[in-house]
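> Letter by letter, the chains look like this.
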Amino acid sequence: MSKILSIVSTAYRATQEEQDDAGLWVNRALVNGGAEIDLLLQGSAVNYAVARQDPTGLVIGSVAIEHPAIPPQDLKALQAGGMQVFADATDIEAYGLDPEKLEPGVQLITKGSIAGLFRKYEQVWQW
Amino acid sequence: MNNSITLCIMDPPYESANTTTAFRLIDAALRQHIEVNVFAFEGAVALTVKDQMPHPNPVHGTTVEEEKHPTTKDLVVSLFDLAESMKADLNWVNCGLCVDERGTGNFIDAARRGGPPDFLQMVQSSDTTLVVPTRRD
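Protein chains in written order, with the numbering used here: chain A, 1 to 127; chain B, 1001 to 1137.
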């Protein structure tokens, strides 16, 4: 099985209607199936790495979303399964995020070094 | 080389140029007798729904017959027909959980229901895989 780098760059796409971020979910399913995948967060998806965020509590009319996606928890689970998680440091700064407040284990890389990162993988998928 | 490719598509019908691009890639591959695996994920599971209906165009002043505009399911059926004529395999899997939550279970007979294990198997058996992202940034 080839080594794969998955890139997720759009954040919070339907993460209240869905139970998960679709990109994170499918990658976790593939890893569970034996695929070797690492993850790069870019664009607005770098917000997923912020450790303390709470998307719970939304109520639409009388319907409560009781189990929304909680991305940093998903990142923890992915890391526990052996996945390396990278985040684009340039986008972290652009979104005004504090690197000290990110989920432990998320590796920051600069945009300039992403091409080099790609060379370590046999396939690169963008979700 | 297995002479096969896998595509993962995610955009729902009528929302993105990605869909047309994916259809054109599939068409081009089949015409070169390349086996094509398609994993339709998220909104793309709606591409093959049998209940799609063409409509007249009041802005153009045309009837359904005059407008003669295929729905996405018609295009996918046509790709299956092309595959048969090219003696190439087209395998189309709709992600089952995505189908359930979108209520798109009434899809064309040539497609089948599956999940990430099917996508993984497609990836492992193909020469290359293209994931078509549905980016909004």
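Just so you know, not all the hints are guaranteed correct.
What the hints assert, rightly or not - SDA-like cross-link-like pairs, simulated, lysine to any residue; straight-line CA separation at most 20 Å:
{"hint": "1", "chain 1": "B", "residue 1": "K1087", "chain 2": "B", "residue 2": "E1015"}
{"hint": "2", "chain 1": "A", "residue 1": "K111", "chain 2": "A", "residue 2": "G34"}
{"hint": "3", "chain 1": "A", "residue 1": "K3", "chain 2": "A", "residue 2": "E17"}
{"hint": "4", "chain 1": "A", "residue 1": "K3", "chain 2": "B", "residue 2": "N1002"}
{"hint": "5", "chain 1": "A", "residue 1": "K120", "chain 2": "B", "residue 2": "N1002"}
{"hint": "6", "chain 1": "A", "residue 1": "K3", "chain 2": "B", "residue 2": "Q1121"}
{"hint": "7", "chain 1": "A", "residue 1": "K3", "chain 2": "B", "residue 2": "I1005"}
{"hint": "8", "chain 1": "A", "residue 1": "K111", "chain 2": "B", "residue 2": "R1135"}
{"hint": "9", "chain 1": "A", "residue 1": "K76", "chain 2": "A", "residue 2": "G116"}
{"hint": "10", "chain 1": "A", "residue 1": "K120", "chain 2": "B", "residue 2": "K1087"}
{"hint": "11", "chain 1": "B", "residue 1": "K1073", "chain 2": "B", "residue 2": "S1126"}
{"hint": "12", "chain 1": "A", "residue 1": "K3", "chain 2": "B", "residue 2": "P1054"}
{"hint": "13", "chain 1": "A", "residue 1": "K3", "chain 2": "B", "residue 2": "T1021"}
{"hint": "14", "chain 1": "B", "residue 1": "K1073", "chain 2": "B", "residue 2": "R1102"}
{"hint": "15", "chain 1": "A", "residue 1": "K101", "chain 2": "A", "residue 2": "F118"}
{"hint": "16", "chain 1": "B", "residue 1": "K1073", "chain 2": "B", "residue 2": "E1015"}
{"hint": "17", "chain 1": "A", "residue 1": "K111", "chain 2": "A", "residue 2": "E93"}
{"hint": "18", "chain 1": "A", "residue 1": "K3", "chain 2": "B", "residue 2": "K1073"}
{"hint": "19", "chain 1": "B", "residue 1": "K1073", "chain 2": "B", "residue 2": "G1061"}
{"hint": "20", "chain 1": "A", "residue 1": "K3", "chain 2": "B", "residue 2": "R1135"}
{"hint": "21", "chain 1": "A", "residue 1": "K120", "chain 2": "B", "residue 2": "T1128"}
{"hint": "22", "chain 1": "A", "residue 1": "K120", "chain 2": "B", "residue 2": "K1073"}
{"hint": "23", "chain 1": "A", "residue 1": "K3", "chain 2": "B", "residue 2": "S1125"}
{"hint": "24", "chain 1": "B", "residue 1": "K1087", "chain 2": "B", "residue 2": "D1027"}
{"hint": "25", "chain 1": "A", "residue 1": "K3", "chain 2": "B", "residue 2": "D1118"}
{"hint": "26", "chain 1": "A", "residue 1": "K3", "chain 2": "B", "residue 2": "T1129"}
{"hint": "27", "chain 1": "A", "residue 1": "K3", "chain 2": "B", "residue 2": "R1102"}
{"hint": "28", "chain 1": "B", "residue 1": "K1050", "chain 2": "B", "residue 2": "Y1014"}
{"hint": "29", "chain 1": "A", "residue 1": "K3", "chain 2": "B", "residue 2": "S1004"}
{"hint": "30", "chain 1": "A", "residue 1": "K120", "chain 2": "B", "residue 2": "T1021"}
{"hint": "31", "chain 1": "A", "residue 1": "K3", "chain 2": "A", "residue 2": "L97"}
I should point out that these hints are in silico values taken from the structure, not numbers from a laboratory.
> Does each hint fit the structure? Answer for all of them.
Comparing the hints with the structure gives:
1. Distance hint between K1087(B) and E1015(B) is unfulfilled; the C-alpha atoms sit about 31 Å from each other, more than 20 Å.
2. Between K111(A) and G34(A) the CA atoms are separated by roughly 29 Å; this puts the pair beyond 20 Å, and the hint is violated.
3. A threshold of 20 Å between alpha carbons decides the hint, and for K3(A) with E17(A) the separation of about 31 Å lies outside it, so the pair is violated.
4. Proposed proximity of K3(A) and N1002(B) is supported: the alpha carbons are some 19 Å apart, at most 20 Å.
5. Of the supplied pair hints, the one linking K120(A) and N1002(B) is violated, its CA atoms being roughly 24 Å apart against a limit of 20 Å.
6. Only pairs whose Cα atoms come within 20 Å are accepted, and K3(A) paired with Q1121(B) is accepted, the gap being roughly 15 Å.
7. Simply put, K3(A) and I1005(B) have alpha-carbon atoms about 17 Å apart, close enough for the 20 Å limit, and the pair holds.
8. Pair hint K111(A) plus R1135(B) holds up; C-alpha atoms about 19 Å apart against a cutoff of 20 Å.
9. Distance restraint check for K76(A) and G116(A): the Cα-Cα separation of roughly 25 Å exceeds the 20 Å cut-off, and the hinted pair is therefore not satisfied.
10. Restraint check for K120(A) and K1087(B): not satisfied, since their Cα atoms lie roughly 37 Å apart, outside the 20 Å limit.
11. Proximity of K1073(B) to S1126(B) is assessed by CA-CA distance (about 25 Å); at most 20 Å being required, the pair is judged violated.
12. Distance hint between K3(A) and P1054(B) is unfulfilled; the C-alpha atoms sit about 43 Å from each other, more than 20 Å.
13. Simply put, K3(A) and T1021(B) have alpha-carbon atoms about 26 Å apart, too far for the 20 Å limit, and the pair is violated.
14. Straight-line distance between C-alpha atoms of K1073(B) and R1102(B) comes to about 16 Å, which keeps the hinted pair within the 20 Å bound.
15. In summary, the hint linking K101(A) to F118(A) is not supported, as the alpha carbons are separated by about 26 Å, beyond the 20 Å threshold.
16. Among the hinted pairs, K1073(B) with E1015(B) is consistent with the structure: their alpha-carbon atoms are about 15 Å apart, no more than 20 Å.
17. Straight-line distance between C-alpha atoms of K111(A) and E93(A) comes to about 12 Å, which keeps the hinted pair within the 20 Å bound.
18. The suggested pairing of K3(A) with K1073(B) is violated, with an alpha-carbon distance near 34 Å, which exceeds 20 Å.
19. Distance restraint check for K1073(B) and G1061(B): the Cα-Cα separation of roughly 24 Å exceeds the 20 Å cut-off, and the hinted pair is therefore not satisfied.
20. With a C-alpha separation of about 23 Å, the suggested pair K3(A) and R1135(B) falls outside the 20 Å cut-off, and the hint is violated.
21. For the given pair, K120(A) sits about 17 Å from T1128(B) by alpha-carbon distance, which is consistent with the 20 Å threshold.
22. For the hint pairing K120(A) with K1073(B), the CA-to-CA distance comes to about 39 Å; that exceeds 20 Å, so the pair is violated.
23. A hinted pair counts as satisfied when its Cα atoms are at most 20 Å apart, and K3(A) with S1125(B) qualifies at roughly 15 Å.
24. A hinted pair counts as satisfied when its Cα atoms are at most 20 Å apart, and K1087(B) with D1027(B) qualifies at roughly 13 Å.
25. About 18 Å separates the Cα atoms of K3(A) and D1118(B), which keeps this hinted pair within 20 Å; it holds.
26. Of the pairs offered as hints, the one joining K3(A) and T1129(B) holds, with about 12 Å between alpha carbons and a cut-off of 20 Å not exceeded.
27. A hinted pair counts as satisfied when its Cα atoms are at most 20 Å apart, and K3(A) with R1102(B) does not qualify at roughly 32 Å.
28. The hinted pair formed by K1050(B) and Y1014(B) meets the criterion: a straight-line CA distance of about 15 Å does not exceed 20 Å.
29. Straight-line distance between C-alpha atoms of K3(A) and S1004(B) comes to about 19 Å, which keeps the hinted pair within the 20 Å bound.
30. Restraint check for K120(A) and T1021(B): the C-alpha separation of about 28 Å exceeds 20 Å, so the hint is violated.
31. In summary, the hint linking K3(A) to L97(A) is not supported, as the alpha carbons are separated by about 30 Å, beyond the 20 Å threshold.
Figure legend: structure checked against the earlier numbered hints; hints not met, in rising order: 1, 2, 3, 5, 9, 10, 11, 12, 13, 15, 18, 19, 20, 22, 27, 30, 31.
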